[in-house]
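Here are the chains, one letter per residue:
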Amino acid sequence: MILEAIPPTILSVRRIHAAHESVLRSYGADPSKHTSLGLVTCDQDDSTYVALDEATKHAPIDVVFARSFYAGANHASGRLSGEILGVIAGPDPDTVEEGLMALVRCLEHDACFYSADDGATIAVFPHVITSLGYYLSEEAGLQPGDSMAYLVAPPIEATIAFDAAMKAADVRLVRAFTPPTQTNYAAAWLTGILTECQAAAEAYAEAVVEVARRPWDFR
Amino acid sequence: MSTTRKLIEALRERLGQADPLPSPPAIPRIQAPPTRVFPTARTRSCYAEQAAAHTAAILGIGHVGTRYATDVVLQFQAELAVAHDAVHTVLPDDWAQSQGLLPLKSRVEDHHQFLLRPDLGRRLDEESLERLRGNAIQDVDIQPILADGLSAVATMGSGIRLLETFSNECRFRGWTVGTPMCAKYARVWLQDEIGETVGARVACILLGERPGLGTGDGLSAYMVYEPRMGKTDSDRNMISNIHARGIVPELAGRQLAMMAGAMLDQKTSGVSLDLSGLTAELGQAASGGYREPQRRVRLVETDR
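If you read the sequences in order, they're chains A and B.
Here this note's numbering is used: position 73 in the first sequence is 82, and no number is missing along the way.
Here this note's numbering is used: position 196 in the second sequence is 199, and no number is missing along the way.
Source of the hints: derived by calculation from the structure; they are not laboratory data.
Treat the hints with care, as some may be off.
Straight line, CA to CA, 20 angstroms or less: simulated EDC-like cross-link-like pairs of lysine to aspartate or glutamate [as the list claims (entries may be wrong)]:
1. B/Lys9 / A/Glu205
2. B/Lys9 / A/Glu13
3. A/Lys176 / A/Glu219
4. B/Lys9 / A/Asp126
Model the full structure from these sequences, guided by the hints.
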């Protein structure tokens, strides 16, 4: 069975209603406008980046911290660590709660990896963001509301698929993450109009499946 | 279903995986925002509650995070809209005639000017002055004047009822009552010129009062003994909040007649008028003491 959803597992969701100034500063928040923090760990970093961005569209929060862990969820430091720690900050607990609700909803119902082969030993993340929020738009140097294809796969698959995606659609490269990244995946962010982003993501997923089926095209 | 899921499903079919994907978990229904207006137990303060019992102002409404609850905002906007509507309503030119009243107009040219130039609203224009001299009964005891003031809505709403009640109460007491008239673009002090022209002993102007939140239909009545140009506010007595939720027009008409009686007896009005004998009848209008709070009418219906 290929291209089946691999749903992310949210490992923890915690809040700090009134965080200490030192914590706020250390995690990139601004004590003059942030009071409360919301923290999430999850076993899929890229789904979480997308979900953090989604949260900025639903509540006036800032994503102050989001970092993937080395070697990914299979080599986590503890059963709650997963692959990423995301931190959102807001002026009050209610705002953060609103943001967390959007974040969890996105992780449970939208963003996820897909299996590229039988047994899901290879995973691909061919995600299309219809309309960027404030977090990823800033990371990508795009405008909020732009469309973006957020494409992730293991190194060899990602490289072949990156090429296929660029050739399949009228898209522009925003940022390429060549291997090894922290989780040892590789990624590409492409932008263009929505239908072109969709075409790029589809070509990307198809190429990953193709490489998974035929790792050798030599001899 | 998300954009990505749809796209992957199509690709999957194209790659020969005909069996459908297991359906994704349904997106849960997003809960409707709470409809509660007044504070939850957590944010309710007994101070705000006690304060709210003494005023029609919007007090003790709680908060949602750093914001007002949605229905409080809706309520505020609805009430503000009522006030705006009332301020911007213009009394139709033919309204006075259609009600059988003598039509008068101040020196104001249009509604915009009326709002910006109170001085012009205190004088009659030439045409009205002539009409007043020619058509109005002269040398009367009481001259009631209906006017638009700051809320034509109020005038057209309960103005006639107040005018008739007041006039009837005066006739019942044996006084001569002047020609019923209606002044457009009128300020309170217009009663001085009108009263002086018809030679009235007491002039009483009934006009729409400045609209507040949720109250665009309030009338006020100002009365002066021996109206002359140059009388000031200290020469006047007034009753305000004449509307269904405040003093009803029928009661206000009777109270005004009693006040007029006191003026005729004491031959004065305003600060020097002694209303202490009428406290029981006039209630709050006769004293500067405690006033019963108005009942706040909710324009936006909510569960509480």
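Mind listing which of the numbered hints don't hold for this structure, in increasing order? none
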